[in-house]
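A.B. asks: So the protein lines, in turn, are chains D and B. If you want the working numbering, it's the 1-based position in the first sequence plus 382. If you want the working numbering, it's the 1-based position in the second sequence plus 201.
Hints may contain errors.
Only part of the chain D face toward chain B is listed, based on derived beta-carbon distances under 8 Å [to be verified]: (1) 480; (2) 483; (3) 487; (4) 490; (5) 491; (6) 576; (7) 578; (8) 579; (9) 586; (10) 589; (11) 593; (12) 600.
Label-pair distances were calculated between CB atoms; the ranges are [stated by the list, open to error]: (13) D:616 to B:440: 56 to 62 Å; (14) D:511 to B:219: 47 to 53 Å; (15) D:396 to B:274: 52 to 58 Å; (16) B:445 to D:620: 38 to 44 Å; (17) B:295 to D:472: 22 to 28 Å; (18) B:368 to D:406: 49 to 55 Å; (19) D:448 to B:295: 36 to 42 Å; (20) B:216 to D:467: 33 to 39 Å; (21) D:392 to B:225: 41 to 47 Å; (22) D:412 to B:295: 40 to 46 Å; (23) D:410 to B:213: 38 to 44 Å; (24) B:380 to D:396: 28 to 34 Å.
No farther apart than 20 Å at their CA atoms in a straight line, the calculated lysine to any residue pairs in the SDA-like style are these [as the list claims (entries may be wrong)]: (25) D:604 to B:263; (26) D:389 to B:222; (27) B:449 to D:415; (28) D:483 to B:296; (29) D:483 to B:284; (30) D:483 to B:368; (31) D:561 to B:445; (32) D:561 to B:271; (33) D:470 to B:270; (34) B:449 to D:590; (35) D:445 to B:222; (36) B:449 to D:483; (37) D:483 to B:299; (38) D:561 to B:382; (39) D:402 to D:614; (40) D:561 to B:292.
Keep in mind that the hints were calculated from the coordinates and are not lab data. For glycine and all other residues, C-beta sits at the position ideal for the given N, C-alpha and C.
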Amino acid sequence: MSEKPEKLIDKKGIRSDGRKADELRPLKLEVGVLPNADGSAYIEHGKNKILVGVFGPREMHPKHLSQSDRMVIRCRYHMAPFSVQERKSPAPSRREVELSKVVREALEPSVFVDLYPRSGIDVYIEVLQADGGTRCASITAASLAIADAGLPLRDLVVGCAAGKIDDTVVLDLYDAEDKLGAADVPVALMPNLNAVTLLQMDGILTPTEFETALNMAVEGCKKIYVIQKEALRAKYMTAKEELKEEVEE
Amino acid sequence: MSTLLTHVRKRQIGQLIDTGKRLDGRNLTDYREFTIEEGLIERAEGSARIRLGKTEVLVGVKIATGEPFPDTPNDSVLTVNAELVPLAFASFETGPPDENSIELARIVDRGIRESKAVSSDKLVIEPGKKVFVVFVDIYVLNHDGNLIDASALAAVAALTNAKMPNYEVKDGEMKIKTGYSPLPLNSHPITVTMAKINGKLVVDPGIEEEQVMEARLSMAINDNGNICAIQKGCPGFFTQQELLEASKLAQEKAAELRKKLDW
Numbered sequence: 383m384s385e386k387p388e389k390l391i392d393k394k395g396i397r398s399d400g401r402k403a404d405e406l407r408p409l410k411l412e413v414g415v416l417p418n419a420d421g422s423a424y425i426e427h428g429k430n431k432i433l434v435g436v437f438g439p440r441e442m443h444p445k446h447l448s449q450s451d452r453m454v455i456r457c458r459y460h461m462a463p464f465s466v467q468e469r470k471s472p473a474p475s476r477r478e479v480e481l482s483k484v485v486r487e488a489l490e491p492s493v494f495v496d497l498y499p500r501s502g503i504d505v506y507i508e509v510l511q512a513d514g515g516t517r518c519a520s521i522t523a524a525s526l527a528i529a530d531a532g533l534p535l536r537d538l539v540v541g542c543a544a545g546k547i548d549d550t551v552v553l554d555l556y557d558a559e560d561k562l563g564a565a566d567v568p569v570a571l572m573p574n575l576n577a578v579t580l581l582q583m584d585g586i587l588t589p590t591e592f593e594t595a596l597n598m599a600v601e602g603c604k605k606i607y608v609i610q611k612e613a614l615r616a617k618y619m620t621a622k623e624e625l626k627e628e629v630e631e
Numbered sequence: 202m203s204t205l206l207t208h209v210r211k212r213q214i215g216q217l218i219d220t221g222k223r224l225d226g227r228n229l230t231d232y233r234e235f236t237i238e239e240g241l242i243e244r245a246e247g248s249a250r251i252r253l254g255k256t257e258v259l260v261g262v263k264i265a266t267g268e269p270f271p272d273t274p275n276d277s278v279l280t281v282n283a284e285l286v287p288l289a290f291a292s293f294e295t296g297p298p299d300e301n302s303i304e305l306a307r308i309v310d311r312g313i314r315e316s317k318a319v320s321s322d323k324l325v326i327e328p329g330k331k332v333f334v335v336f337v338d339i340y341v342l343n344h345d346g347n348l349i350d351a352s353a354l355a356a357v358a359a360l361t362n363a364k365m366p367n368y369e370v371k372d373g374e375m376k377i378k379t380g381y382s383p384l385p386l387n388s389h390p391i392t393v394t395m396a397k398i399n400g401k402l403v404v405d406p407g408i409e410e411e412q413v414m415e416a417r418l419s420m421a422i423n424d425n426g427n428i429c430a431i432q433k434g435c436p437g438f439f440t441q442q443e444l445l446e447a448s449k450l451a452q453e454k455a456a457e458l459r460k461k462l463d464w
């Protein structure tokens, strides 16, 4: 059980988990982790542990959902019952239905959907452990999984939140900051296109604070983007080496 | 709607917007005319119907008692639900709420919740045991675009209209007294929804504009002009610059509506 800190940020600007205001949590990304999925990725973002599997492009099922001029993207954001402090019922909650929708809409602008008419992809996101900012971490991993499935993309989509704790705008809230803080602004970005594909907010921010938070989240996204690209490259470097070994044998 | 028609219509709407006009003659940042009537449903503790252009939404507020959430023992409970009633639009279907109605309810919920519109601390009967539960039920009666703003406005109007019986608490027991008092409120959040079409922002999108919009942004603004909820929708994107522009536009429009509504 995470203890509730009394103050979320001290006089020196250090947060209850030891980070500075604009510091990200540790991040680990891995591509191609599921043997059966067409594309997959795993992310550890702070204590968040999220697994994403992508199936497709494949024929839509049921067929009547297919679109004659484009691919259909389906997305399920789902939290494991053991991922949070109090057991969560495995049935989809209203929150999960909404997040599935906004995550799908955050990913879709990156995909050339008109190149794959009548087909569909399914993006399955399983939050194995939640620690605040799961929708953003899910997007970062899901975009990698889609790339891993071999779909050409306009850019990778990367997610990161900013928010306000006590009176300070900070980057990448973790669970306690999310729950006890004043506001949370999750953002998803296609960095090369300067395109914000997800934006939500709850809490209260002045227009100036909102601008600061948005800029901070965008900068956070750009930092994660570097790690994200590296993770994708790493998979193909390993594949290349494996192939080399096979040829030599 | 067939794909071909959407593409043709999209071009037409886009070209018009490039000249600063819209299908129904509005400017890009104009709301449609709207009227709000309060108290149409006598059985409900509060109710309001909005007509925003041809969009029509009825909101009923019911007040009951129940248990508070364990993590907020000193606050009343707020529940917002939205029904996209099948008689309102050809593609609305019967059955459990789909993602569109859940998203609509949750956007309205966040605006009310985050602005602390309902004085939840004043609606506690016995801390941790018994509190008032405020149900806000959104009933869409005709869909002609921008259900979000119409629902959010009608919801706050219905809360403003809501009355609760006078009561006293003796030894943890609630006793109803004669007469009614208004539901205690702190804030009147106003949600402004903007659509991005052809790279331009238009306020209060109509149904055809919604069918061709690239992306949608809703911002809830509280009484102090601060932002209390945001939701981006649709599979498109906004640039950072567009978002800051939208934030400014939302401030202006919310202030304008607030003046009109006298909230």
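A.B. asks: For the hint on residue 593 of chain D, does the least C-beta distance to chain B fall short of 8 Å?
C.D. replies: holds (6 Å)
A.B. asks: Please verify whether residue 561 of chain D and residue 445 of chain B have alpha carbons no more than 20 Å apart.
C.D. replies: violated (26 Å)
A.B. asks: With the threshold set at 20 Å, check whether the alpha-carbon distance from residue 483 of chain D to residue 296 of chain B stays at or below it.
C.D. replies: holds (19 Å)
A.B. asks: Can we keep the residue 487 of chain D interface hint, with Cβ of chain B closer than 8 Å?
C.D. replies: holds (5 Å)
A.B. asks: Quickly compare the C-alpha distance for residue 561 of chain D and residue 382 of chain B to 20 Å and report which way the hint goes.
C.D. replies: violated (33 Å)
A.B. asks: With respect to the beta-carbon atoms only, verify the hint that residue 216 of chain B and residue 467 of chain D lie 33 to 39 Å apart.
C.D. replies: Violated: the Cβ-Cβ distance is about 54 Å, outside 33 to 39 Å.
A.B. asks: Can residue 600 of chain D be said to touch chain B, with a Cβ gap under 8 Å?
C.D. replies: The hint holds - residue 600 of chain D has a Cβ within 8 Å of chain B, the shortest such distance being about 6 Å.
A.B. asks: Tell me if the interface restraint on residue 578 of chain D is satisfied: Cβ within less than 8 Å of some Cβ in chain B.
C.D. replies: holds (5 Å)
A.B. asks: Please verify that hint: residue 490 of chain D, Cβ, nearest Cβ of chain B, below 8 Å or not.
C.D. replies: holds (3 Å)
A.B. asks: Tell me if residue 579 of chain D is really an interface residue toward chain B, meaning its C-beta lies closer than 8 Å to one of theirs.
C.D. replies: Nearest chain B Cβ about 5 Å off; hint holds.
A.B. asks: Given residue 480 of chain D as an interface hint, is the shortest Cβ-Cβ distance to chain B below 8 Å?
C.D. replies: holds (5 Å)
A.B. asks: Per the hint of 38 to 44 Å, is the separation of the Cβ atoms of residue 410 of chain D and residue 213 of chain B within bounds?
C.D. replies: Because 50 Å falls outside the window, the suggested range is violated.
The structure fails to meet hints 13, 15, 19, 20, 21, 23, 24, 25, 26, 27, 30, 31, 35, 36, 38, 39 and 40 from the earlier list, while all remaining hints are met.
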